[in-house]
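**Q** One letter stands for each residue in the lines below.
2 protein chains.
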Amino acid sequence: MIHNQTLDQQFNHRSIRAFKPHSLTKEQLTTLYTAASHTSTSNFWQQFSIIHVTDPEKRAAIRKISKQPYVGANGDLFIFLVDMYRNQKIRQAAGKDDGLLHTTDLFQQASEDAILAVQNTLTAAESMGLGGVILGSIKNDPLKLIQVLNLPKMTFPILGLQVGVPDQKPQLKPRLPLQFIAFDNEYHRDFQASDLADYDKEVAQYYDLRDTNKRIDSFTHQIAGEKLDKGDNNHRDQLPDAIRQQGFSQDW
Amino acid sequence: MIHNQTLDQQFNHRSIRAFKPHSLTKEQLTTLYTAASHTSTSNFWQQFSIIHVTDPEKRAAIRKISKQPYVGANGDLFIFLVDMYRNQKIRQAAGKDDGLLHTTDLFQQASEDAILAVQNTLTAAESMGLGGVILGSIKNDPLKLIQVLNLPKMTFPILGLQVGVPDQKPQLKPRLPLQFIAFDNEYHRDFQASDLADYDKEVAQYYDLRDTNKRIDSFTHQIAGEKLDKGDNNHRDQLPDAIRQQGFSQDW
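Those sequence lines, one after another, are chains V and X. Taken in order, the first sequence gives residues 1456 to 1707; the numbers are from our numbering. Taken in order, the second sequence gives residues 1456 to 1707; the numbers are from our numbering.
By construction, these hints were calculated from the structure, which means they are not laboratory data. You may find that some hints are simply not true.
Treat identical chains as interchangeable: a pair holds within one or across any two.
No farther apart than 25 Å at their CA atoms in a straight line, the calculated lysine-lysine pairs in the DSS-like style are these [unchecked claim]:
| # | residue 1 | residue 2 |
| --- | --- | --- |
| 1 | K1551 | K1682 |
| 2 | K1599 | K1656 |
| 3 | K1685 | K1551 |
| 4 | K1685 | K1608 |
| 5 | K1628 | K1475 |
| 6 | K1513 | K1624 |
| 7 | K1551 | K1656 |
| 8 | K1656 | K1628 |
| 9 | K1519 | K1682 |
| 10 | K1685 | K1624 |
| 11 | K1551 | K1624 |
| 12 | K1475 | K1519 |
| 13 | K1475 | K1682 |
| 14 | K1628 | K1599 |
| 15 | K1608 | K1481 |
| 16 | K1608 | K1551 |
| 17 | K1656 | K1475 |
| 18 | K1513 | K1599 |
| 19 | K1682 | K1608 |
| 20 | K1551 | K1519 |
| 21 | K1624 | K1522 |
If we strip away everything but chain V, and leave its shape as in the complex, we get:
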């Protein structure tokens, strides 16, 4: 294995969910935004934006949506947006129609811009000695979130990111061995659940050793578990409605 500072940070990534009661400095914020802005962007269309949520009421509302007590608690909260509002305005000023902006293709491209930027921002934060957690849970109630953030059409909240000074030291969570996720030329269709027996033991041991432990569970047991059966009684089934409402994927 090759090692350098960046790689070692990546190999040791842990999501941090408990932060000390410090806010990021203006310099730290500018540094994170600059790293985000230099992310690869599809066709140079730069279709994402970031909302830094400092307003206590909005933070509380997002915490309620996500149902995670740490969301909007200590640490800085960012919501990454798919953003075609800007490009729609540019086209309007040039006397052009919206072209492809309302297609599924463009929604995917802009989502990719935003999601790649999330990872770059988290990597930047970790390199600065900060920690962070990517928040998919902001989409537990997507229509409500759009309302809370007062988002115009042609924008969509795709992921949250909370960043701050770590106040916990979680264990490294074991990932699927590489032979199950990286293939040469052909997808490995002959995968069997039983191939993961050793990995299951490793995951169960991880939960067993975890300080703040609630469950001791294998990987395959989690995949077969009730969270994938029917979800957590959230409004995530409204994602298509929310995407359509914001003006996207009108061709679906």
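Chain V is fixed; fit chain X onto it per the hints.
**A** Just chain X now, with coordinates in the frame of chain V:
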């Protein structure tokens, strides 16, 4: 601005599209896959995989789909998959139905897993002195690509990534100034295309200075241009069909 090795690499990211005729070593591959595998994953469901495409025929077919001469030329080519095939098998082995696997929500979550991993892999490569380019163009003909890669249902090719030893030194492409992409608490609805006059000059100058220059163009002129009018005569309008065909987003 804060500086360290990782941040400076991020601030100086350029997409590299010309590579020397070297293939990655096994150690380099393992290092990239390890960085990818440690990416944050929604609910610990680990719903992505990577296909390393070395087969010359497949590389040529993907080059034809992407319509980019550098795709599958020098450098190592990876296709990142949304992958619920593995988790479907695990649920079947446990006697469970597919639960949420066919929902838009799960397709988004798995896409996020895969896209975050793409950025992490590119960051890892750049830290090793390699260069790379993220390939959205593999989706110019999504049904054809699925056929070329012989992908089973419950997998979907979301992005490509080509990595290698750089054989070019492109200029740094100027990004939107931060005030246009990072907001506090409220989305800035009062944006006007004319606010970008200075940025437009900067982008035009970038194209003017570029060695392998084909166009001299401002940002707003590109956004108002024909590529966003109607695309490039590709099959990207078949993305919804391709996603559905693979078993995803059945609730849309």
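**Q** Each hint should be assessed against the structure and marked as holding or not.
**A** Hints versus structure:
no., hint, result
1, K1551 x K1682, "between (46 Å within a copy, 12 Å between copies)"
2, K1599 x K1656, "neither (40 Å within a copy, 40 Å between copies)"
3, K1685 x K1551, "between (44 Å within a copy, 12 Å between copies)"
4, K1685 x K1608, "between (30 Å within a copy, 21 Å between copies)"
5, K1628 x K1475, "within (22 Å within a copy, 37 Å between copies)"
6, K1513 x K1624, "neither (28 Å within a copy, 44 Å between copies)"
7, K1551 x K1656, "between (59 Å within a copy, 21 Å between copies)"
8, K1656 x K1628, "within (13 Å within a copy, 48 Å between copies)"
9, K1519 x K1682, "within (19 Å within a copy, 41 Å between copies)"
10, K1685 x K1624, "neither (32 Å within a copy, 50 Å between copies)"
11, K1551 x K1624, "neither (53 Å within a copy, 35 Å between copies)"
12, K1475 x K1519, "within (21 Å within a copy, 52 Å between copies)"
13, K1475 x K1682, "neither (30 Å within a copy, 47 Å between copies)"
14, K1628 x K1599, "neither (32 Å within a copy, 37 Å between copies)"
15, K1608 x K1481, "neither (29 Å within a copy, 47 Å between copies)"
16, K1608 x K1551, "within (18 Å within a copy, 39 Å between copies)"
17, K1656 x K1475, "neither (33 Å within a copy, 43 Å between copies)"
18, K1513 x K1599, "within (11 Å within a copy, 45 Å between copies)"
19, K1682 x K1608, "between (31 Å within a copy, 22 Å between copies)"
20, K1551 x K1519, "neither (41 Å within a copy, 31 Å between copies)"
21, K1624 x K1522, "within (22 Å within a copy, 47 Å between copies)"
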